[in-house]
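Asker: So the protein lines, in turn, are chains B, R and W. When the letters of the first sequence are read in order and numbered with my numbering, they come out as residues 1 to 200. When the letters of the second sequence are read in order and numbered with my numbering, they come out as residues 201 to 366. When the letters of the third sequence are read in order and numbered with my numbering, they come out as residues 367 to 1076.
Calculated from the structure, these hints are not laboratory results. Small disclaimer: the values here were computed from a predicted structure and weren't measured. Please note: incorrect hints may appear among the correct ones.
Think about it this way: if two alpha-carbon atoms lie no more than 30 Å apart in a straight line, the pair counts; the simulated DSS-like pairs of lysine-lysine are [what the hints assert, rightly or not]:
#1 W:773 with R:280
#2 W:971 with B:56
#3 B:195 with B:56
#4 W:773 with B:56
#5 W:773 with R:245
#6 W:811 with R:334
#7 R:280 with B:135
#8 W:971 with R:245
#9 R:280 with R:245
#10 W:882 with W:811
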Amino acid sequence: MAGMTAGNPLTSSPARPHPAGQRLIWLIVVLALVGTLLGLLALGLQPRTSATLQGKPAPPFEIAAINGEFVGQRFSSADLRGHVVVLNIWASWCIECAREASILERAWRAYRPRGVWFIGVDYLDTDTAALAYLKRFEITYPNGADIGSRIYQAYRATGVPETFFIDHDGIVQHVQIGPIGQAQLHALLDRLLTKDVSQP
Amino acid sequence: MYEVLRTGFRYLVFSTFLLMLALAWDVPSVLAQTPSPDEINRVAKQLSCPTCTGINVADCPTETCAQWRAKIGELLAAGKTDQEILEYFAARYGDHVLQVPPTRGFFLSVWVVPILAILAGLGMLGYLMHRWTKLSARKEIPAIPSDIAEDEYIRRVQQELDAWRE
Amino acid sequence: MAADLGYVALLLAFVLSIFAALAAWWGERRHIIELVLSARNGVLAVAGSLTLAVFIELLLLLNHDFRVMYVAQVTNRAMPAFFKLTALWGGQAGSLLFWSWLMALFATAAVLSGWQRTRTLIPKVIVVTQLTLAFFLSLISGVWALLASPLKALGMTTGAELMAEMETFTPFYQLGLTPADGNGLNPLLRHWGMIIHPPLLYLGFVGFVIPFAFAVAALSTRQTGDLWIRVIRRWTLVAWLFLSMGLLVGMWWAYGVLGWGGYWGWDPVENAALMPWLTGTAFLHSVIIQERRGMFKVWNMVLVMITYSLVIFGTFLTRSGVVSSVHAFAQSGVGPLFLGFVAATFVASVLLLFARLDSLRSENMLDSLVSREAIFLLNNLLFLAIFFVTFWGTIFPVVSELFSGQKAIVGPPFFNRVNGPLFALLVLTMGIAPLMPWRRTSLGKLARLLVWPVLAGLVTTLGLLVVPTLRQFATLPGTSLRIVPVSTFYGLLVFTLVVIGQEFWRGVRARHRVTKESYLSALSNLVQYNRRRYGGYLVHLGVVMIALGVIGTNFFKVETQRNLAQGESLTIISPLTGTYRVTYEGLISASVAAEDVRRTAAVLKITRGGQFIGLLQPAQDFFIAQEQAMTIPAMYHSLAEDLYIILAGWENGGATATFKAYVEPLVNWLWVGGLVFIFGTAVAVWPTQAEKRRAAVAASASGHAVAARS
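Excised from the complex, chain B in its bound form (with noise of 0.2 Å):
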């Protein structure tokens, strides 16, 4: 409505010239209005991706796990902090994630016993297709619904798969975008543990 107050001048009658105060006074009000719209559209389209995460604290998370020797567990961020955790977001009807599901899984397996936790977050499914997924690719880590997709929102995600890996300070030392190979799954997950060794 910034244009509304624009004409406002228009008030002034043609027999007295607009007092200088005055108009003043209206052309902050204008810039001011129009500042704030612009200001807040330049703020609002800010690129705001997962990958500037990356360095920051992890935002904080919770599930309820659906799957397997979970079922009903609580897992949020407070409780796992200490532990290297690699949170994926992924959903049922998404084709890169079951591309991935199984070499999550396999590493999940392999470093379990060395502390790190596998959160699964499933975002934007049914619990019945979700439960399928997971059956289908034999996943056992917990898994839950990312209800209100608070944490797909507070992670900054702009699609799935995205996978992200939290050392034991709770920072994000990585934002996977799309499928992750195993290769570079252990060699981060080496890299990772291995830094927290060195860091008494």
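Using the hints provided, position chains R and W relative to the given structure of chain B.
Answerer: Only chains R and W this time, still in chain B's reference frame:
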């Protein structure tokens, strides 16, 4: 032995009763017809496809939307109302799956801001009109005969004709 | 090689446009006529080198030179040659090149046609058009990449990355290696509606730059008299005509191609094209008051400036017609640059406006609330309100994410609920305005003119309220009919219709009385010698017809979905005609012209009220290269309604298939009304010899009128 039989019989009666109760309880959902695609679409239309832009769940061809329509069917069969289903989806997947933001908190501003803006515009318009008519009244413009429009119109027609005949 | 040449032509155009702007500015400031002449030639040279660039781009597209990244993005070998040509505006970089070329042509036309009559305004017109053009050319010529390393040196890594990306954002960017084949054009865009929609829209968009340029020129040189208003009225009408056609064709395309039975979804891309249309329409109305009464001068300037900003904003969002959201704005460096440009031009125009307020003093005051001026003010308020609602709804997802952390979707229900009543009020003002004379009228006289229209409107509304079939229909499941708003809206439409008819009748009668010519020739002469006024009424008639269709499809639409085995049928009840029965006969594989498309069609037998009316074949096209399926709706058209059927899917090789059927009442009135609308605009905009003569007569007559008034 008798005792055992009696207890057994009692147990049988009781469990039959429970079973019947359970059946009776389940009757509506057992007998409820599977919802028609039209009923599902009625609800699906009020949800927006989360993975595409500008398409509602009823019209969207993706796998996600197909799953959601199936879920709507399940919930309808379970006797849920449209409103309950929408609330379920909003809670489960976030408010952005609704076609219109829920009426609470900051989301209210989607309605309030335009209404306030329109009222402000109306107010300003009223003020301007008031002020202008007052100013012009002070200038004392000679009153115009009420039929001037019609007369002027005929005059202009005449004028055009003259111009055309030249 | 050819790509290099094209790139050079593009760079040349960029440099020349900056030169022309500077030369015009300096030449005017220092009164160096040679420099102004040189600037004018610069404008011509820009148009020339852009024409060359476009020509080369077309050659590259035709010869599938996939080494050029843009060519690989939007074409492939299997595509028909025709689509290869239209792929020029099928992607971002190409459509910006196309936009710039059109802009250069418009600027040339404006400069050449205005050279004689508005010489004093032309230098600033050159400055504004060429600076706008230079901005667009800077985007696609990769020059922003030069900023990457300075930004990096300053520690702004994100900005540096975004700018470095701009290097590839040119339609002539060449890849290191040549791909074997390209991606091909988005299947959604392979429809003739999508082929002519972007050019029309862009013509409308670039057209609105010219009025802005003249407005800025008039303001900065303090020539705020009648001159610029007269010049830009026609330019605005031309731009508006193209934009209206673009919107209508876009709706037609959405209806025929997107396959959801609708034509307008209030998504950001559509809104971006609608918003400048709304403010432009407001301007077309309020500028009449400035011409006639010398009022609202500041307001008109504001409207021109807002429209220009919206055009720039909209160009980005609609750049290729591909569905995108406001969020897509930030995906590359292009978005921030656009936002910066919009901000800079808007602030600059506001400052200029404030500096020149004194020269925009109103010559008259409002005499009465019962006058055309007052109604036009109301009309402007309504257009601006609809604009604001649309704007707010479009940016709300961004705003809500910022404030509440939760993204919200604002879908069609919001826009319909808020804008619907506003549109109804707009129809009301459209009906009343012609009855209101300028300055003031007596209420008695107004009442006399209102008798028949109000009576007709009331009879319609009351009739619809009591008619039993409408109420029966409203109780059927699956209808969205609400009787009170529908009856009110139709009453308003009839009211407006009768007013328009009455206006034609009054004019014809007056002419008949004076000249004794037959009624028919009186009508044709009336329109011919008052093109603006009666063209305007024709546009209003078109709007009434469009509204008829919009209400029909919004409130009377029926839809159903069924899974049918072969030989089974579904029924769908039409509110206006009979009951349709749709029988599924079987699935066939059909061939279509393009070799990379596989079509599967269902054969449906259609009867209405028991009578066979034809076969329909809704289909799905599978685009092999893109692995993308597209639904092709089948329609049975009539003036009362369309039967619109889509094939949603099939199982077991077509043993069963799922169909969605819609009855779209009165939808064809929308398209016919659109034609009337465009015809009316063309009538109003077309210059004639007689009109020029009349302008001379009118000028002397207004001189007399002024003398008489004082």
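Asker: Please work out if residue 882 (chain W) and residue 811 (chain W) have their alpha carbons no farther apart than 30 Å.
Answerer: OK: residue 882 (chain W) and residue 811 (chain W) at ~26 Å, within 30 Å.
Asker: Assess, step by step, whether the Cα of residue 811 (chain W) is no farther than 30 Å from the Cα of residue 334 (chain R), and give holds or violated.
Answerer: holds, 23 Å
Asker: For the pair we were handed, residue 280 (chain R) and residue 245 (chain R), check the Cα-Cα distance against 30 Å.
Answerer: Between residue 280 (chain R) and residue 245 (chain R) the Cα gap is close to 16 Å, so the pair holds against 30 Å.
Asker: Are the Cα atoms of residue 971 (chain W) and residue 56 (chain B) separated by 30 Å or less?
Answerer: Roughly 63 Å between the alpha carbons, so the hint for residue 971 (chain W) and residue 56 (chain B) is violated.
Asker: Within a Cα-Cα threshold of 30 Å, do residue 773 (chain W) and residue 245 (chain R) meet the stated pairing?
Answerer: Within the cut-off at roughly 19 Å; holds.
Asker: For the pair supplied as a hint, residue 195 (chain B) and residue 56 (chain B), is the alpha-carbon distance within the 30 Å limit?
Answerer: holds, 17 Å
Asker: Given the proposed pairing of residue 971 (chain W) with residue 245 (chain R), does the C-alpha separation stay at or below 30 Å?
Answerer: Holds: residue 971 (chain W) and residue 245 (chain R) sit about 28 Å apart, inside 30 Å.
Asker: Residue 280 (chain R) and residue 135 (chain B) were given as a pair; does the straight-line alpha-carbon distance stay at or below 30 Å?
Answerer: holds, 29 Å
Asker: Going straight from one Cα to the other, do residue 773 (chain W) and residue 56 (chain B) come out at no more than 30 Å?
Answerer: holds, 22 Å
Asker: Taking only the CA atoms, is the gap from residue 773 (chain W) to residue 280 (chain R) under or equal to 30 Å?
Answerer: Satisfied, since the Cα-Cα distance of roughly 27 Å is no more than 30 Å.
Of the hints listed earlier, the one the structure fails to meet is number 2.
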